[in-house]
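Peer 1: Need the complex rebuilt from these two chains, each delivered in its own frame; the hints are there to steer you.
Those protein sequences? They're chains F and V, same order as listed. Just so you know, we're using my numbering here: the first sequence kicks off at 1 and counts up by one. Just so you know, we're using my numbering here: the second sequence kicks off at 1 and counts up by one.
All the pointers check out, no bait thrown in.
The list that follows gives simulated cross-link-like pairs (lysine-lysine, PhoX-like), each with its CA atoms no further than 25 Å apart:
id, chain 1, residue 1, chain 2, residue 2
1, V, LYS41, F, LYS185
2, V, LYS310, V, LYS324
3, V, LYS37, F, LYS184
4, V, LYS41, V, LYS21
5, V, LYS41, F, LYS184
6, F, LYS185, V, LYS37
7, F, LYS9, F, LYS29
8, V, LYS206, V, LYS250
9, V, LYS261, V, LYS202
10, F, LYS140, F, LYS29
It is worth saying that the hints were derived from the structure and are not from the lab.
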Amino acid sequence: MTYEEQLVKKSLLGDTAAFEELVAQYQNKIYALAYRYMGNEEDAYDMTQEAFIKAFRSLRSFKGDSSFGTWLYRVATNVCLDELRKRKRRVLTLSLDEPLATQDGDEVEKEIADTSPTVDILYEQKEFSLYIQDILDEMKPEHKNAIVLRDLMELSYEEIAEVLDCSIGTVKSRLSRARTVLRKKLIDRELLP
Amino acid sequence: MRCEQMRELLSPYMDQMTNEKETRMVEAHLVVCPECKRELKQLQRMVALMGNLESPQLPEHFSADFHRRLMNEQPLIFRNPELKRPRKQAWIAAGVAGLALTVGVYASSLLPMGMVADLWQDKENNQKKTTTVAVDDIIQRIQLWGHQDKDIQSPEQIADKGTTATSPGKVQNLGPASTEQPATEVIPEKVQVEPKLADVFKSTIKVDNLNDSVTKVVQIAEANGAQARVTQAGNEVQALNGITREVSFKVSSEQVGAILKQLEIVGQTGMPVGDQVVYTEQYSEAVNHIQMLENQISELDSSDEANRIKLQTELQVWQDKKVKLEKELQMATIRVQLVQEVNP
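Here chain V stands alone, though its shape is the one from the complex (with noise of 0.2 Å):
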């Protein structure tokens, strides 16, 4: 150990704060060294000496002093901010965390298909986790706020009753006679909302045979229970030189993974891009038309035969179509699109 190395060492030496290793070469050089030895005598006197020095005695009235200057600050009482947050924002912020899921694991075409099919399974196995809501689901919901008389219940609640899946962190069910607010009753970010969305699916698969290729993918679908539909695919195909037909056809939510298997053996699949058809205006149309004439007719005098009968016409107009709506939800659309590339 040379001295210059030394010297960085003596200082945390004398404080006994260098490692094992260090100390044992300190002292081994110490030995040897009277240079070393003289200067880390100097650092233990100068220590000492510094440790010796005086330092002015605090004047007695800085507490007298101090108290006043306490006494003049603004009256800080640490009350905790709380934040009256209108739900609305926490909802929204709810909402749109959710939308970005959504929009996340659908457009994120960086999946294969067969990924994408489990990915589509465990959605339905975790449809009571999701927590994905349309931007239309939020404005809506922010316009029924605004109806402050009116009884409305929340889509979801009503699904409650119906045929969605519940989860434990569910918003409440309303009676009818309820004059509360949805507002009141979302809870931000435990509320699980049910999206009133039909997925769609989209694949564009690479077919050396076009016509070959259709027949394979409608006979897929009809061997699912479902109807093809075959057009000239839109604007979307990109393909220079290709020739395209686009496949359509719906099926239930729970076919969706394994169809989108089967569909690799038609050709070379591309990556597939996930969609959404929004239902909710349509659907929260129904339910609050659904509402609305349950507690007009609730209300109607028992003797008042013709505005009941009336009344209950057009719920049950109402009602037929939220059904409707809800088979729709649970249908998935599978849009191929097939190209055939055109060698030059």
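With the rest of the complex left out, here is chain F (with noise of 0.2 Å):
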């Protein structure tokens, strides 16, 4: 049995502990994906709690069959989506005051071919991930969540068909129109060069 794995089983038998040292390894990237899917920090923020608080609670309905942390992503999906489908409106919040993000400096030269000051490109680097998010709201959900979990996430195309619960096919399919859908809405917005 894997570290992973045993954590999982005393968490089943009550062992908080062990279930938050869990959510320790996971608690990163379950942000980043709710944040992909809310657009904004508190959402994101509350729907990892709720995602953990959920996992918990049905940690029974886990059977091993897929990787716990495929799992989890799959419980984090649905708490988001749920939220979403809620809610009638998504509001795009800019927040000047929010700390940003540092970048490797080579990485932001290659992306950005003009000599602009720094604090400019980090301002854009932002403002981009921003747009992104924008667009990934306009979208549908089945395309947002195939660009999410493959192209922000990272997750394999498996992975992916487990998050979903669909067949790999249904995962290119999805994809592969996602993306097109994204790629004109970059090049509408001049965003793409």
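Peer 2: Rendered as structure tokens:
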């Protein structure tokens, strides 16, 4: 039994400390996922908590036929999608006070060809992230799922199939279509060189 | 390969998820098509951009917050619900299942005579394995459970001592002095419960000449050591223009298969229907009385001759009854309904 399997087993028996260890392993990834679904950090934070609580409650339904991580993604995806469905409007919040994420300097230069001052570059990067989020929010849920899980969370096709409970063939076609949609939108907004 | 077809494949191709054939087609096309080549590059750039996207960091206080949340959860102790199901329930379930089995085998009059005969033989051989219980049986047992103070052995336990076959999963034989409830002995689904049912076989045969056929059937019965009874058939036979007779006789279970085969000579056999005579109540009654009397006898004062004789006489009566029932149970009744259709 792997260490993770041991933790899962203990959690099943009510060992909350073991479960919290599992949470620590996955919390960043789940937060990133939630952020992409919800579009803002506050909601992402809440949804991350929700997702883990739900996972704890429904631990018994984890059959072990997929990896624990994949199962967690599935729970989180469902939690987020359920919440989104409840809400009527998605509001894009641009908060300039949020700390800017630092980026590897080299990477930034590759992305943007001209020599703009650093602050502007970082700001654009963040802006870009928000633009992407904006576009994602416009997309159909099934397309959004595909993009988030593959291009943002970088799951394999097999893992995505498990999370979305569909065939790999479905993943292929959904992803293909989703990327086409995304590409067109990016071109329209002149965000894709 | 045309460009429209290509569009769909570019995405999986980029992720190296195309099969051999698809891969070759894409690569061949890309060589000759600058449009698609450009599109693939765009796709790659886009995915790279997405991959480089900054994700917000999870605030550090998350762990503490979550811990609090987790503690507020209802104490979720994952205990396996130990359902102390009253054994009765499970037992009844097994019984009903068994009953369904019985009904299924017999009442499915889709079997030709010969096949039924074979099945019958099988039944004989597999008697140990059958789990057939009549509803009466079930009710009987429930009533028995109500009697806490009586030392009642379930019929099959007594049968164990006697003639009927036992099988590994059977309930343990209780001694007369035991005060254990039958209920505690019954292990659901594993108990082989002997049916206290005598089989009845009803078959309808269409014949050309009624009298001849009746004679034939009687001969078959007598050849097998049974005495036949000929009567006018009851309401079961619905032949509009026919005249009917019923020949019934009892044979031992082992003989049934052969006899059914023999009956095929008589005429066009219809599909046999199985039925049962339920002796369970009577049998149980006998068994219980015997038990009761044996107990009473054993509790008697050794000097109490008068009562001893009285009880033993009664005991004998019941024991005789039991033996008689057991004999009956080993017999199968064959009822052959002969129908001669009168031509309009």
